[in-house]
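Engineer: As a plain string of letters, each chain reads:
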Amino acid sequence: MMESCANIQERLGAWVDGELDPVAGERVELHLKQCPLCLGEKGRIERINSTLKNTLEAEAVNVPFAPFWAGVHARIVEERSWQVRVVDWFRLTLTPPRLVWAIPAVILLLLGVLSLERFVPGLGFGQTNLASVESIDGHGMNVALLRESQTKTTVIWLFEDHEGENENTPEPAPADPAF
Amino acid sequence: MELTEGDLVRKCQNGDLGAFEELSAKYYRRVFMAVLGVLNHRDDAMDVAQEAFYRAFKSIKRFEGGSSFYTWLYRIAMNLAIDFQRRRKRNATELTENFDDAMFAQGEMGSDPYREARDRELGGRLRAAIDGLTPDHKAVIVLRAVEGLSYKEIGRIVGCSEGTVMSRLHYARKKLQEKLGSDL
Amino acid sequence: MRAKTKTPLNLLPPTLLFSLWLVLPPGIVRAAEKSQPGVQVKIGTIVASNEADCLDPLLSKMKQQLEVIKYRCYRLLREDSQRVSWLANALFEIPGGRSLLVMPQEYRNNRISLKVRLLEGEKPLVDTTVRVPNRGNFLIGGSAHEGGVLIFSISAATP
Chain A
143 MMESCANIQE RLGAWVDGEL DPVAGERVEL HLKQCPLCLG EKGRIERINS
193 TLKNTLEAEA VNVPFAPFWA GVHARIVEER SWQVRVVDWF RLTLTPPRLV
243 WAIPAVILLL LGVLSLERFV PGLGFGQTNL ASVESIDGHG MNVALLRESQ
293 TKTTVIWLFE DHEGENENTP EPAPADPAF
Chain B
-2 MELTEGDLVR KCQNGDLGAF EELSAKYYRR VFMAVLGVLN HRDDAMDVAQ
48 EAFYRAFKSI KRFEGGSSFY TWLYRIAMNL AIDFQRRRKR NATELTENFD
98 DAMFAQGEMG SDPYREARDR ELGGRLRAAI DGLTPDHKAV IVLRAVEGLS
148 YKEIGRIVGC SEGTVMSRLH YARKKLQEKL GSDL
Chain C
412 MRAKTKTPLN LLPPTLLFSL WLVLPPGIVR AAEKSQPGVQ VKIGTIVASN
462 EADCLDPLLS KMKQQLEVIK YRCYRLLRED SQRVSWLANA LFEIPGGRSL
512 LVMPQEYRNN RISLKVRLLE GEKPLVDTTV RVPNRGNFLI GGSAHEGGVL
562 IFSISAATP
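Residue numbers (our numbering), protein chains in the order written: chain A, 143 to 321; chain B, -2 to 181; chain C, 412 to 570.
Just chain A, same shape as in the assembly:
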């Protein structure tokens, strides 16, 4: 059964360019023998190639070497300003081949820096390892909060509300139960 024109035309360009494997190429050839539509398509592809080549060759043939080389030579010997050299350096350095490696390198670096705290505790960006209390409601009881950074201790202490007791004392009164 003959392959569909749509399938053949998908591969026609590659066949014209000599890039198809022999088996696929043979199928295309067979189809072209029987299909004037695809044969016309093949002709159009070849025409595009040859016309483009001819027009560009026609222009290039008029380009003498001497002035061309003069332009290249002038660039080589010219003293470029440091700004231009810096911009050129960035352009050359950050072309896609190098950017390919820059992308994961930057990401790894950022992850490393942000994860520093995990591996070297205390080396974070000012982030403390101390628990922080956002709210306390003692429901009528006195509550004291103690935070000690050296030992990373946060303590919420409950006091029974007795008269005369120093409510600001963080240390508990051992003899008096809180409840």
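No wet-lab data here; the hints were simulated from the structure.
Fair warning: this is a prediction, and the values are worked out from it, not measured in the lab.
Some clues are possibly wrong.
Unchecked claim - Below, in silico cross-link-like pairs of lysine-lysine (DSBU-like), each with a Cα-Cα straight-line distance of 30 angstroms or less:
1. K176(B) / K184(A)
2. K175(A) / K23(B)
3. K294(A) / K472(C)
4. K8(B) / K184(A)
5. K172(B) / K184(A)
6. K195(A) / K23(B)
7. K175(A) / K149(B)
8. K171(B) / K184(A)
9. K23(B) / K58(B)
10. K474(C) / K294(A)
11. K526(C) / K474(C)
12. K526(C) / K453(C)
13. K172(B) / K195(A)
14. K534(C) / K453(C)
15. K175(A) / K55(B)
16. K58(B) / K8(B)
17. K171(B) / K175(A)
18. K294(A) / K453(C)
19. K58(B) / K171(B)
As the list claims (entries may be wrong) - Pulled a few chain C residues facing chain A out of the computed Cβ check, cut under 10 angstroms:
20. R522
21. L525
22. K526
23. T540
Said to hold, decoys possible - Computed list of chain A residues with no C-beta within reach of chain B, every gap over 12 angstroms:
24. L154
25. E168
26. P178
27. G213
28. V219
29. W224
30. L252
31. D279
32. N284
Note that the Cβ used here is the ideal one computed from N, Cα and C, for glycine as well.
Please arrange chains B and C on chain A, whose structure you already have, making use of the hints.
Structural biologist: Okay, now just chains B and C, sitting in the frame of chain A:
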């Protein structure tokens, strides 16, 4: 004894400007053609082609011989041309005028003046149509049509897989046929 | 001149994919934390007293923290651990007819926000919201128990 291309490259890597001039003489027209195909503007193409050779000379020490010198040179030129195209867009009228100027600069007609005139007209429309493609699509169609490079080589130059080259070519040709219609 | 076997440009797509792999998992972990099993909450119930000088060996890692409270003796009564889903409540029974209700609320900047309620029966004694570092802890103390006071060490960790 005649020097091989490898010898010339090695001499260039040692700073020999004369060796680089020889290499340039060998490849300048082909580089110019490819760049012109992408930019469709003679002066810009000249500028970019010269810049490509300048950059090739500046970075020739980094050339390791993994590809041919010409492929490596082409890669620099194509990247510059695509980059240039992206940064500066020119309108179609200006491009057509440039093309017409170039056409008048050509020499005598051949044996079939009618056919040649028709081809020149088609060539102009074709280049205008190519100008409507993205720089990436232009690059592959120019490299294939003008240089006859394999998909693998084209992929190395523009930095994509062979499959991508194939699909870009297919797309570009389809677009050109749509624009040119019965002209082809 | 040694040939390169691969063109760097051809490595752009896989390298970008690799970069995504570096970036996405932490993002996915963070984003999925609310849908994953949640937070491992551990409650250590400690009795502190001044009877003698003692430190339960199981509390040796907490020695410096407990010294801040300035009792002489610390014994670990029990330790309970539960995996608690985000925004879900977990109830921990504690001695003396009391209980601790813990709700992990959110995870931000490597800190877990916990809502904690100490109950006596059904009566709330204290409500607090604490941002504790992942794998960190804080203490709630003061309830009388068997001649001493109870101290609860509440710690939380995400997987």
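Engineer: Each hint should be assessed against the structure and marked as holding or not.
Structural biologist: Checked hints:
| no. | hint | verdict |
| --- | --- | --- |
| 1 | K176(B) / K184(A) | holds (17 angstroms) |
| 2 | K175(A) / K23(B) | violated (41 angstroms) |
| 3 | K294(A) / K472(C) | holds (12 angstroms) |
| 4 | K8(B) / K184(A) | violated (45 angstroms) |
| 5 | K172(B) / K184(A) | holds (15 angstroms) |
| 6 | K195(A) / K23(B) | holds (18 angstroms) |
| 7 | K175(A) / K149(B) | holds (29 angstroms) |
| 8 | K171(B) / K184(A) | holds (12 angstroms) |
| 9 | K23(B) / K58(B) | holds (20 angstroms) |
| 10 | K474(C) / K294(A) | holds (12 angstroms) |
| 11 | K526(C) / K474(C) | holds (26 angstroms) |
| 12 | K526(C) / K453(C) | holds (14 angstroms) |
| 13 | K172(B) / K195(A) | holds (18 angstroms) |
| 14 | K534(C) / K453(C) | holds (22 angstroms) |
| 15 | K175(A) / K55(B) | violated (52 angstroms) |
| 16 | K58(B) / K8(B) | holds (10 angstroms) |
| 17 | K171(B) / K175(A) | holds (22 angstroms) |
| 18 | K294(A) / K453(C) | holds (18 angstroms) |
| 19 | K58(B) / K171(B) | violated (41 angstroms) |
| 20 | R522 | holds (8 angstroms) |
| 21 | L525 | holds (9 angstroms) |
| 22 | K526 | holds (9 angstroms) |
| 23 | T540 | holds (4 angstroms) |
| 24 | L154 | violated (9 angstroms) |
| 25 | E168 | holds (18 angstroms) |
| 26 | P178 | holds (15 angstroms) |
| 27 | G213 | violated (4 angstroms) |
| 28 | V219 | violated (9 angstroms) |
| 29 | W224 | holds (15 angstroms) |
| 30 | L252 | holds (26 angstroms) |
| 31 | D279 | holds (62 angstroms) |
| 32 | N284 | holds (70 angstroms) |
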